[in-house]
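Student: Here is how the chains run, residue by residue.
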Amino acid sequence: MYKFLKLFLFSIFFLNVVNLKADTIKVGVLHSLSGTMAISETTLKDTVLMLIEKQNKAGGLLGKKLEAVVVDPASDWPLFAEKAKELLTVQKVDVVFGCWTSVSRKSVLPVFEELNGLLFYPVQYEGEESSKNVFYTGAAPNQQAIPAVDYLADQGVKKWVLAGTDYVYPRTTNKILESYLKEVLGVSSDDIMINYTPFGHSDWQTIVSDIKKFGMAGKKTAVVSTINGDANVPFYKELGNQGIKAEDIPVVAFSVGEEELSGFDTSPLVGHLAAWNYFMSAESEINDTFIEDWLKFIKDDKRVTNDPMEAHVIGFEMWVKAVEKAGTTDVDAVRESMYGISVPNLTGGTAVMNTNHHLTKPVLIGEIQADGQFDIVWSTSGGVIGDAWTDFLPDSARIVADWTSPIKCGNYNIDTGKCSGQNYE
Amino acid sequence: MYIILVFTNLNYLLADNNNLRNHILELDTKDFNKKIVSIEKISEIKTDLSLLTLKSILNGKLFIRKSDKKILLVEVIDRKYNAYDFFDKKELGIEKKRKLKKIKINNKIRNILNNKIAILQLSSGTTRQKTEAIFDIIKEGNQKTLIIINELLLKEKDKELLLNLNLAKNSIIARYGNEIEKIEAVKSLSGSTNNDIVNILKSIVNNKIISENIKLEATKSLEASLGNIKFNNILKTTFFGLSLGSVLLLAAIGLAITFGVVGVINMAHGELIMIGAYSAYVVQQIIPNNISASIIISIPVAFVFTGFVGVLIERLIVKNLYGRPLETLLATFGLSLILQQTVRSIFSPLNKTVYSPEWMSGITRIGGLELTNNRIVIIIFTLIVFLTVVYILKKTLFGLQMRAVTQNRKMASAMGINTKKIDMFTFAFGAGVAGVAGVALSQITNVGPNLGQNYIIDSFMVVVFGGVGNLFGTFIGAFGLGLGNKLLEPYVGAIVSKIFILLFIIIFIQFRPKGLFSLKGRMVDE
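In the order they appear, the protein sequences are chains G and A.
For what it's worth, the numbering used here labels the leading residue of the first sequence as 1, then goes sequentially.
For what it's worth, the numbering used here labels the leading residue of the second sequence as 1, then goes sequentially.
Since the hints were made in silico from the structure, they are not lab data.
Check before you lean on any hint, since a few could be wrong.
As the list claims (entries may be wrong) - In silico lysine to any residue, SDA-like type, Cα no more than 25 Å apart, as pairs:
#	chain 1	residue 1	chain 2	residue 2
1	A	K102	A	D28
2	A	K69	G	D375
3	A	K220	A	K230
4	G	K299	A	P288
5	G	K213	A	T47
Build the full structure now, drawing on both the sequences and the hints.
Tutor: Pasting the structure below:
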């Protein structure tokens, strides 16, 4: 009798496991819902949930329903790695959408590589990386920073202020930009001012007054800002208060989008710029539908859409297509079928996934308007191929990433023919 | 005869409007250089509508309806597009966004528009608009604007405007006049700290083909200007230091009361500031139409509400932990996280906008010195708060009892003071002051769940440096650190100057563990 019961229980347990596996495809969502980064990442969690709901309404994937597994890494970098491990080993998700800051990505990278998971990373970043297990759907520096500088140079800017928060993304981006300004645009070092500030810096009086002094000396000056998150509001407020208008010294930012602007009154900032691959104001049918869907899903018609959201939309649709093409959610098979897949992006063109795990997408420059939106004033004529390793740093210029044969490497030196660094085979 | 006149007049008007309409339609292009040409043409049409056209383009209110190319003025309220006919101002109701096309501009065009509007506004416009217009003209004036300025000089009565108009006039003559005129003009520009004028002087000094006489005068004038600017910069740095000091003081006063008087290490102090800032936000949501009133009303509201939160914290947590600093520290730290997450759940993790009243924006010019109004207001506000707190402590019964408890708890108790009650009120009072600080901070930084975290370290630094339990020490400490930070910043940068300040305090504490001004009292000896 006892033996029978044990067998019975075991079979139920076994059936359950099989059932679970058969019924749903699990999608992990690894975004901070508490702590400092919650401000940006909560929206991305909601975006993925919306995409999953939509996909399920349309009949799911491979005949199964998608199931979201949401975890909260609480803006804590080591916790990101733990939660990633939990998603991959305990929850056994088939794909993960997540991370915002570069440190959080770097912290989960070893986990994804060791357990052969699949991560879609939706935020613009400093480049210099290509992992076999990560698809980068945000912009690489050549899809955001370099075109923005080109645009400003075209507008007659001769002097440059590179202002950033003191951490890896601004440091690397500014290193690339400094070398680009000097080597390609021929700007002398006297005409470049570089400035770093701590996280959450709130007293900008001295720096803004320095920028004013630097910029009012006759030559047209622009500020290239990699100032992160919370420090932006007091920075822009101080600009407005000290009477620096965009016509005098324009500020182009890489971390300021519609969502960051929804935190304050933008009327003194009209004309300052941002470079992204997507703006909410983009005029296309598909964007209008997306915005409508989003407002309906989030039940608040004051909310906005932004660039990392589009990156998730593109990443998600690509993953769905790749799974359908591969006929399975197996990570290796899906990865192989990701290459060359194209989906429409929200601004009207198409985005293509390249073999270096970065996207081809258009670059747009927008000017801030009084209502917190951007007017697009310039865009590349076609898509720009994301470059994992920048051409403007001597060490990186010789390195390419290509995950198809014969190279099969994210860190391949074309001079020595060696694959080195993270995750080589 | 009369009818014919009216008729031809009307005809002209119609022709002008037609012309205007055509040029506006030309603006519907992606080529910004073509737009510039059309804007030049619009500004040359002499009708009342051309100023309105330029202004509407600048403010992003001019739209073209895609279907019939009708030109519309659009007011966007809550993402709804209320359209009016541009020419007869007839209300056309709400239009769908995708049926309209906005006339987009970039910074270059914005600059041109500002200049055109400035010239048109020099003769109309308010005093403030006129002043702005004059400064715009100094940047890019030419002979054409000189004629307008000369006309205005005859008409204008306001002394300051006259002064600025003369400055603008001379700045133009210095570039376009004949030799004798130029020398006079350059002389009169001497000592001016206006940026554009300094640039004009510099360009004259560096110009190779200009005569030596003018150059000599220009060099003299430039030296005087640069001297004045240097002097102004010292004043400016001092002002920056005072304003940073006042922010530090504001953040620290509340803590000086709770930490200094009750002896509680309250790690949730920053969150009390945050609650004050959110009170300002909520009050502004309730009265959205009067920003000035909402900010002033939110000061007592924040004081009372945050004070009430303070009572709750004291009754529920701190009361049971008096005399156990480590446990208090941990408990209040946990509380700070709870408060942050509560705010995140109620208000969303996104930052909230607290609008600034008109009188807190812009610049006050004192001589050549430009001071930002919001900082001036905050310095004054801080002083008022500080003096009020000092008054309450020194001149009221509550303050007397509070000081008695601080200096000798047992004796105070023996004299019939309910020390438990005083503890509670003191904590609530400190919390309330923190809330008031939050209202002020809502004007210069983000109103978000993380607001408090940015100020907690600074507040402790000020209180420890100034001497625990001594308000005067807090005052000196805050302004000392603020000034020190700002004096160092131009030389070593924001990050290193902060490190220097921290290093200084670490060393300072070694020699004077009780801070600048230590409290004399029996409790201190215990």
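Student: Would the pair G:K213 and A:T47 pass a check requiring their Cα atoms to be no farther apart than 25 Å?
Tutor: Measuring from Cα to Cα gives roughly 40 Å; hence the hint is violated.
Student: For the pair we were handed, A:K69 and G:D375, check the Cα-Cα distance against 25 Å.
Tutor: Given that 25 Å is the threshold and the Cα spacing comes to 21 Å, the pair holds.
Student: Straight-line Cα separation of G:K299 and A:P288 no greater than 25 Å?
Tutor: holds, 22 Å
Student: Quickly compare the C-alpha distance for A:K220 and A:K230 to 25 Å and report which way the hint goes.
Tutor: Status holds; Cα separation ~15 Å.
Student: Taking only the CA atoms, is the gap from A:K102 to A:D28 under or equal to 25 Å?
Tutor: holds, 8 Å
Hint 5 alone, counting from the list given before, is not met by this structure.
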